[in-house]
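Those sequence lines, one after another, are chains A and B.
With my numbering applied, the first sequence corresponds to residues 2 to 307, in that order.
With my numbering applied, the second sequence corresponds to residues 159 to 521, in that order.
What the hints contain is simulated information worked out from the structure, not anything from laboratory work.
Remember, it's a predicted structure, so these values are computed and weren't measured experimentally.
Glycine included, each C-beta is placed from N, C-alpha and C at the ideal position.
Don't take every hint at face value.
Unchecked claim - A few chain B residues that face chain A, going by a derived Cβ cut-off under 8 Å, partial list only: (1) Pro235; (2) His236; (3) Thr242; (4) Asn246; (5) Phe261; (6) Pro313.
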Amino acid sequence: MAGGAATGGSVQSETYREARTWLLLPAWVTLGILTLAPLTIMLVYSFLTKEFRGGVIWEFSLAAYDQFFFDRGLFGDEPPRIEWTYIGIFWRSIWQAGAATVLSLLIGFPTAYFIAMRPQKERALWVFLVTIPYWVNLLIRTVSMKFLLRDEGPLNEGLMAIGLISEPLGIVNTNLAVQLGLFYSYLPFMVLPIYAAVERYNLALSEAAADLYAPRWTILRRIVLPSVRPGIVAGCILVFVPSLGSFLAPDLLGGAKTFMIGSLIEEQFKGNAGNWPFGAAASMILLTMVLILLILSARPSRKGVR
Amino acid sequence: MPQNTEIAIDVRDAVKRYGPFTALKKISLSIHDNEFFTLLGPSGCGKTTLLRMIAGFEDVTEGAIFLYGEGIDALPPHKRPINTVFQNYALFPHMSVLENVGFGLEMLGKSKAEARARAGEALEMVQLSQFATRMPSQLSGGQQQRVALARALAPRPKVLLLDEPLSALDLKLRKAMQVELKHLQRETGITFIFVTHDQEEALTMSDRIAVMSAGELQQLGEARDIYERPRNVFVADFIGETNLMEVTVDAINGGRAQCHLGGGHKLTCDAVEGITPGAKVHMSLRPERLFLSVEPVENESLTGRVREMIYIGTDTATIVDLDGGPQFTVRSSNSSRGNARTFEPGTEVAVNMEHGAGRLLVD
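Can you build the whole structure from these sequences, using the hints too?
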């Protein structure tokens, strides 16, 4: 304890404090350059005036936020009405990311459970196998997904060959295609934290529950799931958050009706549609939403003692 | 010992194999209704495997297990009216004490009110009523132990299995729990099957003990039987402290075997089946059934010199080197009525046997 040392301790603790400052410097610099500075720049830009074809004019303006939430007509002189376009895009993004998360959980949980139940020396191999596809670039994986799903692709042809369907399902350019794309992009982020949680789970608890007359599904619901809940929450956040801001899967697998926040923001900074303050404002709104979500999910949830 | 001889658990020729490894080699034993039965043996002897087979966590490779006359081998654990107290308690960490204890009753389809009431009674039985709303992590090891016990007792199983439940407790608490367990068994009338590697624990609590080693049943009997009439070297050596001597049988006369050990010391004890003159066998002599004297008290005393005396509280252990023979440990009580005497190392003494102290063992 500081101050606990006898005489001479103050000299020692001073050197210690100085050393500590220097040793912490890299962490502060990293945090400053990689987190605080970009966020500040983004926040500032969202309150500036747009320059056509990209860039900003250094003049305070609420125009970006105004454009996001309100519709003032083509010439901006009508009384403001709620602008549903962007809110709609946000809502769709949440829904798409949510569906991808649920899909990942449904596939990821059994996968993680399976791996955790393998003999100790086999587990590393299984985890390795799960991560192998992710050595390939995300863009290439997403394009490959399109080839798999398209009407002439192996999925449709295969299903038609075995006679399950008579004509292609037409998955590409639908919400489902985007969800599948997102699911495939981020699946390991679901599997790995759940695997870590299940591996720590004490199997004797399942035995104790079985011993106390609980059938299998009840054991899963009442004992296993609550025990590995932190892993599940972590997995869901790690899939949901990047899915929400993703633009590759919606751009490549979706159509005009599957436009998501990521694409909206991307458009503001790339190409001719450039509106940097609006892109920055949309990013800040997205960030706020994610933060609220994280705070909600971090709340300790002990469903009261019955 | 209860006189009711209805059989609660009947294990018939049970074999358990894991691949090429045989964990249990054809075990047969019957556990009586309302009995405190202990499976005793060193780690790896198969006692826990047998317990897990009764609970249903391991299947029986060959043979069968019956619960009150009915085969249970096809029943999964959750359909057996048998509950277990696990070695590390396995309390559900996300449930309160009361929820833990009520879990089995809830699974049996009891109404919430009944489950609560009976869980409360079970907690009362282990004196933990005031901790009902606590979480398991807020309890001490001993309290968690009691919760595990209450949880397993609450559904009133036909048989209660206890897998080394006291091994994680400190000595004092363990002794208290031994008495309490025995008391609970009497009070509830439930058949207890207790697994332990601690022979003292087994002797303290059990109506009958099955001593196991290397997947085989070595001896089955009441505590006194096992301690005083061990059947083989393993049992004699594992249960309690003993002087294990290699002896040669000289003659057998009227149920008594005359033997000698190294150095020519002669000993006589009850003959046992399967021993013929000329055989080299082991003899077990319990240290507390021996006593020391300066002069031999009978013509068969063994003579030797005191090597050292060790004070161990209730007793004093004296180690004696027999003339030209092996080393002996003699225990004498330190009570005022006891027979402890102080001998300087090097003193010549006689080691005398109480009647029936020597026990011949078939290997």
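Run the structure past the numbered hints and jot down the numbers of the failing ones, going up. none
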